[in-house]
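Asker: Using the sequences and the hints, build the whole thing.
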Amino acid sequence: MVAAGTDTASSAVEWAMAELMNKPEKMERAQKELEQVVGMNDMVEETHLPKLPFLNAVIKEVLRLHPPGPFLVPRRTREPCVLRGYTIPSGTQVLVNAWAIHRDPEFWDSPSEFQPERFLSGSLKCDYSGNDFRYLPFGSGRRICAGVPLAERMVPHILASMLHLFDWRLLDGVNGVDLTEKFGLVLRKATPFVAIPKPRLSNLDLYT
Numbered sequence: 033m034v035a036a037g038t039d040t041a042s043s044a045v046e047w048a049m050a051e052l053m054n055k056p057e058k059m060e061r062a063q064k065e066l067e068q069v070v071g072m073n074d075m076v077e078e079t080h081l082p083k084l085p086f087l088n089a090v091i092k093e094v095l096r097l098h099p100p101g102p103f104l105v106p107r108r109t110r111e112p113c114v115l116r117g118y119t120i121p122s123g124t125q126v127l128v129n130a131w132a133i134h135r136d137p138e139f140w141d142s143p144s145e146f147q148p149e150r151f152l153s154g155s156l157k158c159d160y161s162g163n164d165f166r167y168l169p170f171g172s173g174r175r176i177c178a179g180v181p182l183a184e185r186m187v188p189h190i191l192a193s194m195l196h197l198f199d200w201r202l203l204d205g206v207n208g209v210d211l212t213e214k215f216g217l218v219l220r221k222a223t224p225f226v227a228i229p230k231p232r233l234s235n236l237d238l239y240t
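Going by the working numbering, the sequence shown opens with residue 33, and the numbers climb by one from there.
FYI, nobody ran anything at the bench for these hints, they're computed from the structure. Any given hint could turn out to be false.
What follows is a set of in silico ranges between Cβ atoms, one per label pair, in the way DEER data are often shown [what the hints assert, rightly or not]:
(1) R201 to R107: 38 to 48 Å
(2) Y239 to K157: 33 to 43 Å
(3) D141 to G173: 25 to 35 Å
(4) R166 to T124: 21 to 31 Å
(5) S161 to V226: 31 to 41 Å
(6) N163 to E77: 26 to 36 Å
(7) D159 to P231: 27 to 37 Å
(8) E78 to A178: 41 to 51 Å
(9) Q68 to V126: 43 to 53 Å
(10) N207 to P112: 45 to 55 Å
We put the beta carbon where it would ideally sit given N, CA and C, even for glycine.
Answerer: Below, the structure written as structure tokens:
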């Protein structure tokens, strides 16, 4: 579970930073929220995390666009069935394409756009339990990802700390973060995320 959770967490944080660097107004909004909740003379604590609705919406949107496991744990059919005109025999191994579901225009407005605000709407109540089949970043049912509880704690805390402690900029001459994906057991960026941090809190003791 630790391995699954840490792998998921590192991938999610990298994607979140990449998306936010390409949408600086959303990064600024997240930082303003942190200023109001945490203050400029304190570190992010676990008790702050439930009070950060926009940051949590950022994470949900990142996991929608870049689910850590793009194909969920394989299933095997117990009996024959017909799905959209295709006959699937008994005993067939089936993969659920969460990546495609999360970008299906039947379920999502502007599905390829990074819009954390969609999760602030009262009409969209997706969580990580897998009960809403439009949103399955960690799977569903008995085979849901074992690392979910760890990732749920790690990702918000790490991302909030990075945004609260530092301002970020791209390398000189770089005009945006490449969001090309590299498919695998975990969905990663094709190229590593690189950015330059600058301390944003005046109390330098918080960095030691």
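Asker: Taking the hints in turn, state whether each one holds.
Answerer: Here is how each hint holds up against the structure:
no.	hint	result
1	R201 to R107: 38 to 48 Å	holds (45 Å)
2	Y239 to K157: 33 to 43 Å	holds (38 Å)
3	D141 to G173: 25 to 35 Å	holds (27 Å)
4	R166 to T124: 21 to 31 Å	holds (24 Å)
5	S161 to V226: 31 to 41 Å	holds (35 Å)
6	N163 to E77: 26 to 36 Å	holds (29 Å)
7	D159 to P231: 27 to 37 Å	holds (34 Å)
8	E78 to A178: 41 to 51 Å	violated (21 Å)
9	Q68 to V126: 43 to 53 Å	holds (46 Å)
10	N207 to P112: 45 to 55 Å	holds (53 Å)
Figure legend: structure checked against the earlier numbered hints; the only hint not met is number 8.
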